[in-house]
Amino acid sequence: MSIISDVIESTKAIIKGMGVTLSYIPKEKWTVEYPDEPVTMQPRYRGQHLLHVDELGREKCVACFLCAAACPSECIYIIAADDPRPAEERTGVEERYARVYNIDYGRCIFCGYCVEACPKDAITHGYNFELSVYSRADLLKTKDDLLITKQLQSPNYRVAYSDEDVNSEYKEV
Amino acid sequence: MSTTLPPYEVIDQPLDTQMTISFGPQHPSTHGVLRLEMVLDGEMIVRAIPDIGYLHTGMEKLFEYKKWQQGIVITDRMDYLNPLGNNLAYVMAIEKLLGLEIPERAQVIRVMMCELQRIASHMVWLGTHALDIGAMTVFFYAFREREKIMNLIEACSGGRLTPSYFRVGGLMMDLPAGFERRVKQFTDAFPKALDEFHTLVSGNTIFQSRTKGVGYISTEDAIDWGLTGPCLRGSGVKIDVRLTNPYTGYETYDFEIPVETGCDVWARYMVRMRELRESLKIVEQALARLRPGPVKADAPKVVLPEREAMKTHMDALIHHFLIITEGFNVPAGEVYHPIEGSKGELGCYIKSDGGAKPARVHVRGPSFVNLSALPIMAEGEMVADVVAIIGSLDIVLGEIDR
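One line per chain: the protein sequences are C and X, in this order. Each residue of the first sequence is one higher than the one before, counting from 20 in my numbering. Each residue of the second sequence is one higher than the one before, counting from -7 in my numbering.
Heads up, a few of these hints could be off.
[What the hints assert, rightly or not] Derived Cβ-Cβ restraints for the label pairs, each shown as a range: (1) C:Ile22 - X:Glu212: 34 to 42 Å; (2) C:Ser151 - X:Pro20: 17 to 25 Å; (3) X:Pro20 - C:Glu114: 54 to 62 Å; (4) C:Ile167 - X:Lys303: 14 to 22 Å; (5) C:Tyr96 - X:Gly346: 29 to 37 Å; (6) X:Ser194 - C:Lys46: 46 to 54 Å; (7) X:Glu212 - C:Val51: 48 to 56 Å; (8) X:His305 - C:Glu93: 36 to 44 Å; (9) X:Pro284 - C:Val58: 26 to 34 Å; (10) C:Gly76 - X:Pro284: 54 to 62 Å.
[Stated by the list, open to error] Capping the alpha-carbon separation at 30 Å, the derived lysine-lysine pairs in DSBU-like fashion look like this: (11) C:Lys46 - X:Lys303; (12) X:Lys293 - C:Lys46; (13) X:Lys184 - C:Lys46; (14) X:Lys349 - C:Lys169; (15) C:Lys48 - X:Lys176; (16) X:Lys184 - C:Lys48; (17) X:Lys293 - X:Lys53; (18) X:Lys303 - C:Lys79; (19) C:Lys79 - X:Lys184; (20) X:Lys58 - X:Lys88; (21) C:Lys139 - X:Lys303; (22) C:Lys35 - C:Lys46.
If you are wondering where the hints come from, they were derived from the structure by calculation, not from laboratory data. For glycine and all other residues, C-beta sits at the position ideal for the given N, C-alpha and C.
Okay, chain C solo, but in the shape it has when bound (with noise of 0.2 Å):
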């Protein structure tokens, strides 16, 4: 008799589960199908940096190394070099500027105290999230992968506005 009833209590409750899980059939998807969908990101996203530039093109980096100093995993790299040229066609806003820019991304941890320590905004947190390759070697990003004019935006991703919705990537359900 136990048994009888143990079988019918355990069909009712997997009737009862499959109930939710039936209910949600007709309902909008939740998920994103990434990478054929672009994934949402917050405004205050921390993902690849980005090394900015003025308006003429020049960089806003002038190697004080706070960006280093702060860095808790040490992954940055500098070294600075003096450009004693006219300043339109300095590479730098300053005279002095970073000759070597280097982050390991094999070391980054993505804590956002650079960007917090730059006086001069001149690195900020990028989207980018898609980060993997194939060799070690290859972690180590230079100027040339980091200067905002060099990165190419991925559509695999899109940002929201800052007051959007969290959830906006999402129908509501």
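Position chain X relative to chain C; hints supplied.
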């Protein structure tokens, strides 16, 4: 009386009834890289000894080589399901030594984010715990709810699993525009999801018979083994750091501490499920209390200045440079600060010698202490019940091994 374990003896008779097998470390039900050395008699467990250390990263030593503010990012990676709670324990211990006064708004935001994080952590626990036992559906809905909270945390801090949102003396930055509305959206929708979980899991006879009476630990044993959090409250002891030793103004919030007296997996399950509603209540209260104001303490030698001030004022720029390059000095002394993490009492013990780096940081991880009671709970149970017991402990190996 506390149960003392008999000394462990190696069974060296392969054809005898007893058999020693290794459970994990690659077993998905161990929630990471936990290895159990199980002595079995048929299907019954004679002994189950946890073997930890597969995820050891030397975090406590690493603290000693980082400046005070750089240690926050390490705490994110200990209990990676409850990073904001870890941030809070570490940051509040330092603030205790510094004697900093935290502005009201920062405190309210800290409470709100911590409770949201607790819900997110419990969602992972619920999904994986039910999945271990065989109820797969709830996993997807639990992770959907967690995803909403992850989006909220991402919106305010920029990181999903590693927010580092709490800083010494306040917050990283203020909440983004429209954040209150988004939290409201979540708190409005969450009770419905919670009812769904109760339909799917709590009302399920299969789940009940898998959990009721399994993993028994008596109240005395639970106290003796130093259990905290939902595991202790599942054994009928009403101890919660938010109640017994309030911090960041928890004493002013109206919430209950759920206690169950079943002492088994089911009781611990019910404690956590009821805790979700209480956390939701706290989030709603904190949301109602949010008033405009500063989110950083008035301590120019410790807290980074606002960016506008840093660009326009010379003294702010000097402080900015000094804090980042040299760090700030914390007065010499020792301090222990416990908070109620999602898994139990999460304490941070800090020793300072007056410099810019800690002399010693020790973390009392709730998962580590709770796991030590696993042999008591698993003794005499079936092999299949071990995954239910591990699930009910809600361990995170990143915190156990540190």
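Broken hints, by number: Numbers 6, 8, 10, 11, 12, 14 and 19, in rising order.
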